[in-house]
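Fit chains H, V, B and D with the ligands to the known structure of chain G by using the hints.
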Amino acid sequence: KDREYRVGCAFAITGKASWLGEPQRNTVEMLEKEINAAGGINGHRLKLFIEDTQGNNTRAVNAIKKLVKKHRVSVIIGPSRSGTSMAAIPVVTKAKVPMLSCAAAESITQPWEKRRWIFKMGQNDSDAARKICDHMTAHGIREIGILTGTTGFGAAGRTQLKKIAKEYGITIVADETYSPGDTDMTAQLISIRNAGAKAVVNWSIVPAQSIVPQNLRQLKIGIPLYQSSGFANIKYAQAAGVAAEGTIFPAGRIMAVDFIPDTHPQKAILKKYKTGYESVYKDHVSTFGGHAYDALLLVIEAMKKVGDDPAKIRDFLETTEFTGVDGIFRFSEKDHCGLDKTAFEMLTVKDGKFVVYRK
Amino acid sequence: MVKKDYFGLCALALGVAGTPLLIQNDYYLGILVFTALNCLACTGLSLLMGYAGQISMGNAAFVGLGAYTSAILTVRLGWNPWLAMLAGVLLVLAIAMLIGIPSLRLKGHYLGMATLGFGSIVHIVSVAATGLTGGPEGINDIPPLGFGSILLDSDLRFFYFSWAVLILGLFLALNLIHSRIGRGLRSVHGSEDAAESVGVDTAAYKIRVFTIGAAYASVSGSLYASYVSYIDPGPFDVMHSVLMVTMVAVGGMHNVWGAVIGAALLSVLPEALSSASEYFEFIGVAYDTDYDMLIYGGILLSIMLFLPGGLLDGLARLIRLPGKLALRLKGGTGQNG
Amino acid sequence: MLRLVNIHSAYGLVRVLKNVSLHVDGGEIVTLIGANGAGKTTLLRAISGLQPVQEGRIIFDGRDIANTRAEKLVRFGIAQAPEGRQIFRPMTVMENLELGGYLVCRLHGRKQLRRAIGEMFDMFPILRERQDQFAGTLSGGEQQMLAIAMTLMNKPRLLLLDEPSMGLAPLIVREIFEIISRLRKDEGLTVLLVEQNANAALRIADRGYVMETGKIIIQDRADALLENPEVRRAYLGRDKREIWE
Amino acid sequence: MNTSFTDLLQFIFMGLQRGSIYALAAMGFNMIYNATGIINFAQGEFVVLGGLMMVTLTMTVQLSIPFAFLLTVLFVTVIGVLMERLTINPVKDPDVLRLIIITIAVSILLKGAAMCIWGKESHYMRHFSGDTPIDILGATVLPQTLWIIGILIVVVVAFVLFFNCTMTGKCMRACAINRDAARLAGISDRNMVMLSFALSAGIGAVAGIIVTPVIQMDYGRGVLIALKGFGAAVIGGLGNSIGAVVAGLLFGLVEAIGAGYISSHYMDAIALTLLLAVLFVRPSGIFGSSEASRLKDF
Amino acid sequence: MGNPFLALENLTKAFGGVVAVNDLSFAVDRGTVTSVIGPNGAGKTTMFNLITGFAVPTSGQVRFGGMVISGQRPHRIAALGFARTFQNVQIFPEMTALENVMVGRHLQSEAGLFRSFIVPPFFRREERQIRADAAKWLDFAGMADLGDVPAGSLPLGSQRLLEIARALAAEPKLLLLDEPASGLNARETLVMGRMIARIREMGITVLLVEHDMELVMEVSDKVVVVNFGSRIAYGTPAEVQLNPDVIAAYLGE
Ligand SMILES: Nc1ncnc2c1ncn2[C@@H]1O[C@H](COP(=O)(O)OP(=O)(O)OP(=O)(O)O)[C@@H](O)[C@H]1O
Ligand SMILES: Nc1ncnc2c1ncn2[C@@H]1O[C@H](COP(=O)(O)OP(=O)(O)OP(=O)(O)O)[C@@H](O)[C@H]1O
Ligand SMILES: CC(C)C[C@H](N)C(=O)O
Ligand SMILES: [Mg+2]
Ligand SMILES: [Mg+2]
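In order, the protein sequence lines correspond to chains G, H, V, B and D.
Once you know that position 66 of the first sequence is 66 in the numbering used here, the rest is easy, because the numbers rise by one and skip nothing.
Plus 359 on top of the position in the second sequence (first one is 1) and you've got the numbering used here.
Plus 696 on top of the position in the third sequence (first one is 1) and you've got the numbering used here.
Plus 941 on top of the position in the fourth sequence (first one is 1) and you've got the numbering used here.
Plus 1239 on top of the position in the fifth sequence (first one is 1) and you've got the numbering used here.
Here chain G stands alone, though its shape is the one from the complex (with noise of 0.2 Å):
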């Protein structure tokens, strides 16, 4: 009884991608402090193995290994971020411990017989494509352009667009890039205008997401904005300041928590998780943390039931419904993300704040 349960964590704490990793590590921490006073899991310890990916493929797959091999930990939360997911997966798939991403893009858990161990929190990137397909339908739009960034989320973002796209019928009249350290997207905003474009995505991380407002008005290109799931964060709308006004992108509810009626099942978690983070860390929650949250509560439910063998952890997940901070998970043997479209909502920016989009 006295055995701890050994779970790893691998994220991008530091490095580029660290606006993702750091809500993400403390959003674990806070869980474990909660889980251990309130006894345990069973009466077991819940230990926590934390590690520093910084964003890098060598020091994932490091981490990764040493989680597993030094730690021996029975299931691991992360990496933070698609490229880190994807070389930590033969690492994982070798030792035969499930690993719980919290990334986005579909390769992680596809195709589904080499992904058996592999488990992904992130909404799907193709079904937040889904979702602002759909509400351009709603609202008319059949020509976009669609800008993205160079990084595996932008790109994994592009591929979708490009194929959710196709599927509605929408045309891409422009499809511009820019590299992750830009700063200046004029000219690709001016390409997208040219092309006649009714509306522009934009699919990327910080800082761009905040410029690409700021850019658009000030060209005066009076068209809708679109943004992915990754502009969930509170902070990217302040900085872009009033540009930043009307922007629409999906995200999980946990960027509307108020809006979110009582009677939704994922009221009380999102209510939680968000008093709970705010109240402990002084700072906004976003997503990414959310999905940690989910990765861990999902790990203590499984270990709840079948102790802390790793072949058992994962074949439970892969029948468990689960109602989490980012959806309703609905877990199976050839769906190892178990979310679609309708964990997604789509928000807008009204006076510096996050509101559901309302016609």
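Hints may contain errors.
[As the list claims (entries may be wrong)] Listed below are the simulated DSS-like cross-link pairs for lysine-lysine, each with C-alpha atoms no more than 25 Å apart in a straight line: (1) Lys714(V) with Lys1033(B); (2) Lys362(H) with Lys1375(D); (3) Lys282(G) with Lys69(G); (4) Lys1033(B) with Lys768(V); (5) Lys334(G) with Lys353(G); (6) Lys282(G) with Lys267(G); (7) Lys220(G) with Lys350(G); (8) Lys312(G) with Lys334(G); (9) Lys305(G) with Lys47(G); (10) Lys362(H) with Lys1033(B); (11) Lys768(V) with Lys851(V).
It is worth saying that the hints were derived from the structure and are not from the lab.
Frame of chain G, contents of chains H, V, B and D with the ligands only:
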């Protein structure tokens, strides 16, 4: 000097053979694999920097080209991994020649910038040519290397293999250094005019050593791809080129062993730091991963400030210190008497 | 004016100066001769503050200047024309002279600087012709003239010359020695001269020191040294034909 | 007005804004290069520190912009001086590569410190005079862009005057070329090198301050700025201020116009290819003298 | 054959406005010591550079055994049997004295890139041979005991000797010495003179630039005097010494 080098090589081989007796954990073996790969690339770079006195800030591009050639040929075209690796080397040789001929006419910082620019271009192409390289999403499921039915798919096997390759690489590099050609290279560093005056074709030598270094990098990249079995453009950006230059300089430029030691240190250091929080926790001090960068920078700075000749030289001086002190004392008494 | 008392200096662990003492009085020309590697250059560098001194005192105008930084010593009036043409190769001859006269410019302004440069051009007319050429492309001898001119720009009180005749044509060598004598006569310049051309050096010097492997082994009046058989054999030994055999 | 012209104009403004940062960074590089022969990899961190400090002073402490500006420049200058005193000055026999690695180490340290102090997220700051775009011949320009270009001009003029009307610039170069000879001429190499670090940190700070409103700032931003600035310094001919400005602006313009008319995917590659082409044709940069650089070690 | 060993034919080199070498012609016979003297900046070093390929003539040419060689890269010219020293010594400071001389054996050895790569040095007879030969030449220069010293920390005079040893190690047909005695004292200069005589005895043709007149007079067979890049006198040392133009331009009184 010559003898010492080859003794060192034998000692290294023995050490490698014995390591798995001490270390069985795949985690540590994995770190050592990456260490070997970095050492291999840096060995090539040190031939260029330490011996020919030229700088290349684009070495990661050659590592990347090797890795991508291996990955693309094996995954997309189903080539045998060995053949793909060879193709990588050939491709890199050709590209290095092509870029080396105009670049190596440049000197100092200008050469640095040209190679850096080349490195960035390769990186940008690997990001933007999504059809070929998968772009930022990378290429996964790269098959492992193998000998017949023995696949190099465990950490232990790859550990032996990668270090064997490194030792072979070092052996070849040492042969080169202690040869007529090697002296030619070093003379280019000392004085190009004097080298030319005794018949050394300095331009050709610089290009040769540049391509040799690139080939080392390419092999290192191919091995990386097959070991990790996933690559994306991340590990091949210009900062990694800068890191490699740093590794060579930290170890001590004027000797391949310096490159090996520097590469080893800077490969292991981040891993050691990642455990720092555990030690600090142990002695009851709150520690944040964020401090890693400060400690890393501090260590690097201290080495450069306090060990002017690099780590290798520092170690050597430490070993020779007692002898020198004795000499000094003797000199002192001789003076008075 | 200058007095070295038991100076020790080393490169790393190799001792190069061992217990060297010498003195130069105001208005004197003193020459230092010695074989290759005896430590003459090192001694001059130690005086001018470029080479650290481990032990001993260097007294200039009554104050101990051992291990004082070179740039400060220049202000005291010590100037050194270093061995091996230490000029600013990728800069023009003009720029080199301006830098040589940095202190003149700082203390007396641009006008004085121009004047001093004009004087140097009069002394070495070839430099005037070459004034816009990069110093590194000058011929060896021209570089040597430039190096000497740069040193003279600051109108030092104590001039340390390290092999000024090196690489100069016989005519110019004679000229330089004449300039040195003249400056001493007209402006009371004090000179410590290191020369391989010992014959010529001893002829204009008042006194001389002979150095061997880091130690002063002989010191005497210049004319006496010229006659000293030991010195003649070792440093002036032209007439000793047996070396040919 | 026809759109293709306004587009071009828009790209030109965009290019000038980008280029100004590169130009300022390049001037910073040149300053230290001239006095020491080394490339200071921490140059980008000076820019970052400038930006972040300014954010703190204006957004948190709520100082007025001019006052915060001065204070920030002062702060970063002090950092530059400290860097020189503590890490460059103690090195006994300066070897160029070793000093460069030292600057890399310092840049890591400064980056780490900035991360610990300011955290990891991007910081934003209000524009000097609002962010309502101004129309110029149909192109829309942020007032901040005009500030950036204006301040660049002021800085360039000030430096060119300073270096041409005093001997300091020459003295700095002298120190890099031949330290012993410089000292024998009475030039204090220590002061010159320190001055060069102070000035280049100051320029870095100015760059950071003026761009932060438009690009935001985070601790890791230095690398990219430094790389581009280094490229501009080299293309312009290392050590040449006018070259740095021309090359920096050119670099920015090529990027902007390349992104606008050719391909945003390969924007950086286009600029870099141009850089390589220039170097292969003029191995000492546009304004560099090949004869002089043959006489230099670095 | 009728062709002179080495011939300069109307050699001219201009740097912008400065004509460093101006229509200079003279020939050098095999096995002799020919000295070139002249005021500072007369163009002597430039002439050496033109002969050894470090500079390309503006017009005119250098012939070696009848073949035009000017304009080729220095290492090609070295391969023809030319070796030189430099007025500003050019050594390999981080290599030991012996290694410096071993580099001099470059053209006398042949191991190519591939062989150098594969075969370790202790299996290479050639490598041992190079070392032995280099030691011999170091000894010739009177530096046998300095073989292990890093060349950079040798005193200037020894560095000059080292340069000569390195040049000789290449077993040249023609040796060009640019002010070998500068920085040497009278006695050391005598030794240098003896060394040049011995080199000549080995059948190596020597071209010497020197300002030390006693040395020049002692060792030269022929003396060429240049001023402003042009030849102003040519003859035996005795003849030249008495030439009034030479006295006015160079020697003084
Ligand atoms: N940088 C150095 N490192 C180590 N030893 C050195 C260094 N410079 C000079 N030495 C040694 O110091 C000794 C004295 O050298 P120094 O240059 O002072 O002699 P010198 O009398 O001026 O000789 P020369 O007549 O050749 O100019 C020599 O033995 C030399 O090898
Ligand atoms: N690259 C160049 N650009 C301009 N002028 C040059 C260049 N190289 C040499 N010169 C000039 O050509 C002339 C000849 O130089 P050279 O070095 O051949 O003279 P030298 O006869 O060897 O003189 P010294 O006896 O002083 O060594 C000099 O006046 C020199 O200033
Ligand atoms: C969760 C996402 C916003 C981040 C994404 N997974 C990435 O790779 O960077
Ligand atoms: Mg000397
Ligand atoms: Mg000459």
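Going through the hints against the structure:
A C-alpha spacing of about 23 Å is found between lysine 714(V) and lysine 1033(B), which places the hinted pair at or below 25 Å, so the restraint holds. Distance check on the hinted pair: lysine 362(H) and lysine 1375(D) sit about 22 Å apart at the alpha-carbon level, within 25 Å; holds. This hinted pair does not check out: lysine 282(G) and lysine 69(G) have alpha carbons roughly 36 Å apart, beyond 25 Å. For the suggested pair lysine 1033(B) and lysine 768(V), the alpha carbons sit about 19 Å apart, so the restraint of at most 25 Å is met.
A hinted pair counts as satisfied when its Cα atoms are at most 25 Å apart, and lysine 334(G) with lysine 353(G) does not qualify at roughly 38 Å. With a C-alpha separation of about 21 Å, the suggested pairing of lysine 282(G) with lysine 267(G) holds against the 25 Å cut-off. Between the alpha carbons of lysine 220(G) and lysine 350(G) the distance comes to roughly 19 Å, so the proposed pair stays at or under 25 Å and holds. Only pairs whose Cα atoms come within 25 Å are accepted, and lysine 312(G) paired with lysine 334(G) is accepted, the gap being roughly 17 Å.
At most 25 Å may separate the alpha-carbon atoms for a hinted pair to count; lysine 305(G) and lysine 47(G) meet this at roughly 17 Å. Taken as a hint, the lysine 362(H) and lysine 1033(B) pair is broken in the structure, with Cα atoms around 32 Å apart against an allowance of 25 Å. As the CA atoms of lysine 768(V) and lysine 851(V) are separated by approximately 15 Å, the hinted pair is consistent with the 25 Å bound.
The earlier numbered hints that this structure contradicts are 3, 5, 10.
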